[in-house]
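Novice: The lines below spell out each chain.
There are 2 protein chains.
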Amino acid sequence: MPFLFPDHPTIGIFGFGAFGRLTARHLMDHFALFVHDINADAVSASASELNLRAADVVTVAQCDIVILAVPVTAMRSVIATISPHVRAGAIILDVGSVKMEPARMMLEGLPDHVDIIGTHPLFGPQSARAGISGLKIAICPVRGRQFCRVGAFLRHVLGLKVFVVTPEAHDREAAVVQGVTHLIAKVLVQMGPLPARMTTASFDLLVQATEMVRYDAPSVFWAIENANPYAGAVREQFFELATGVRDQLADNPCAKEAF
Amino acid sequence: MPFLFPDHPTIGIFGFGAFGRLTARHLMDHFALFVHDINADAVSASASELNLRAADVVTVAQCDIVILAVPVTAMRSVIATISPHVRAGAIILDVGSVKMEPARMMLEGLPDHVDIIGTHPLFGPQSARAGISGLKIAICPVRGRQFCRVGAFLRHVLGLKVFVVTPEAHDREAAVVQGVTHLIAKVLVQMGPLPARMTTASFDLLVQATEMVRYDAPSVFWAIENANPYAGAVREQFFELATGVRDQLADNPCAKEAF
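Top line first, the protein sequences correspond to chains A and B.
Be aware that the first sequence starts at 6, since it is given in the working numbering, and climbs by one per residue.
Be aware that the second sequence starts at 6, since it is given in the working numbering, and climbs by one per residue.
If you're looking for bench data, these hints aren't it; they were derived computationally from the structure.
Yeah, the Cβ is synthetic: ideal placement off N, Cα and C, and Gly gets one too.
Treat the hints with care, since some could be wrong.
As the list claims (entries may be wrong) - Using C-beta positions, here's what the derived DEER-type ranges look like: (1) B:M196 with A:E216: 21 to 27 Å; (2) B:R134 with A:T248: 30 to 36 Å; (3) A:R134 with B:S82: 20 to 26 Å; (4) A:L246 with B:D256: 18 to 24 Å; (5) A:K166 with B:R30: 34 to 40 Å; (6) B:P89 with A:E216: 49 to 55 Å.
Claimed, not checked - Example chain B residues on the side facing chain A (calculated, C-beta under 8 Å, incomplete): (7) Q151; (8) V155; (9) L159; (10) T205; (11) A214; (12) Q242; (13) F243; (14) F244.
The shape of chain A in the complex, shown without the other chains (with noise of 0.2 Å):
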């Protein structure tokens, strides 16, 4: 650590949500941590609680590492709050479901003189109850050379394993992983109350899966659905294929005349 980072840097938490509450819980015994959030009551109860500093605009913005947590559709005008007061050498990092659209947003709204990083922790407060080493974290350099030491951090201190990527390719990912996990969820969570007596060990997997993300706040569902390009996609081939079973089910006369 000292070796990764021997300047003590400072982070700065923008947004003070599940997952930024979260990112501030596995960073403070590390890091001196500075957290801002709209809603200045929710982030001074959560911060005092994990005994952080609650911190104005401009003080979260100037620090040495600066951790975008908002959802993705507030991180354009966060970016330009923030853009003005950043130091020159920061990192600027995102922590969104999807990585083209805040890579571009960050790209076109912060001066060249910070480097910019995409981040995708793949898990989130339910499966990170456990501790978070040996979880995943999808990394995306945007601009200069400091993920390096950052991803080194993640995977030799924090314990997590790194894959460095393209936004691109990150997207593309994610939109069969996520997009496919929040929708059949999505679908699931409506046909409750769910069946919990008479289950297979199948069944039951559905069952943690959805209730690993069922309680994700809104505005991840929409990134993943609606802010990934891939996703559409995904889901229409999704579609596409349990419509083709259905048919296929519909019009299987073997099976009816077997009885």
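Dock chain B against chain A, hints included.
Specialist: Positioned in the frame of chain A, the structure of chain B alone reads:
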């Protein structure tokens, strides 16, 4: 065990596919087993591997307990074949994934002097890999009182969680549990190869659920989706809700405006 079955009964298994073999493996330490399959070659190889006696139709049909481990679509003809040979006081049971149809077929096709039980072990070769203790089984008493000692054996000797229910209650619940699981698995298998790198814990669970059922015999899928009278309605509900989610995403102007 001696208390439950003091008379050292013989067990005959009709059908030596994946589930017949799984059944044999867990009963062979407790009973004298005889097995028969229409595919004589398949049964002789597998049976000798398990050190079991492959037997003719009449020998198997005359056992004290006869287990029908054949596809639901083959059950009517197997019942007709064994019916003239079954012994008075014998227990005839099936292990199909649906219970209403088999119960009706056994009641119609078997003589009054045998007990009839529908059973549905809520596991398969994949989920039973680490042993069956703690797994679930539904039993549906169809005729006679011997389901009590069968249930006691399954519970106390094999360690299964036993649910005694009507065939209707079973099929209603299984329509969701199995119908939805197999439908989703069919679609995910066709979407493959699925991402295996930047995955989330919830997506990993979906993939695990799919892996558990994707190698089930095609006849299992057809029975679950076609022979369960409630499966069609569940499938329609799934599609209706999924279409609702899709339409909601397509019509969401806020998400589009945000970029």
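Novice: Take the hints in turn and mark each one as holding or not.
Specialist: Evaluation of the provided hints:
no.: 1; hint: B:M196 with A:E216: 21 to 27 Å; verdict: 23 Å, holds
no.: 2; hint: B:R134 with A:T248: 30 to 36 Å; verdict: 33 Å, holds
no.: 3; hint: A:R134 with B:S82: 20 to 26 Å; verdict: 52 Å, violated
no.: 4; hint: A:L246 with B:D256: 18 to 24 Å; verdict: 23 Å, holds
no.: 5; hint: A:K166 with B:R30: 34 to 40 Å; verdict: 38 Å, holds
no.: 6; hint: B:P89 with A:E216: 49 to 55 Å; verdict: 52 Å, holds
no.: 7; hint: Q151; verdict: 22 Å, violated
no.: 8; hint: V155; verdict: 17 Å, violated
no.: 9; hint: L159; verdict: 14 Å, violated
no.: 10; hint: T205; verdict: 5 Å, holds
no.: 11; hint: A214; verdict: 4 Å, holds
no.: 12; hint: Q242; verdict: 6 Å, holds
no.: 13; hint: F243; verdict: 6 Å, holds
no.: 14; hint: F244; verdict: 6 Å, holds
The structure shown violates the earlier hints numbered 3, 7, 8 and 9.
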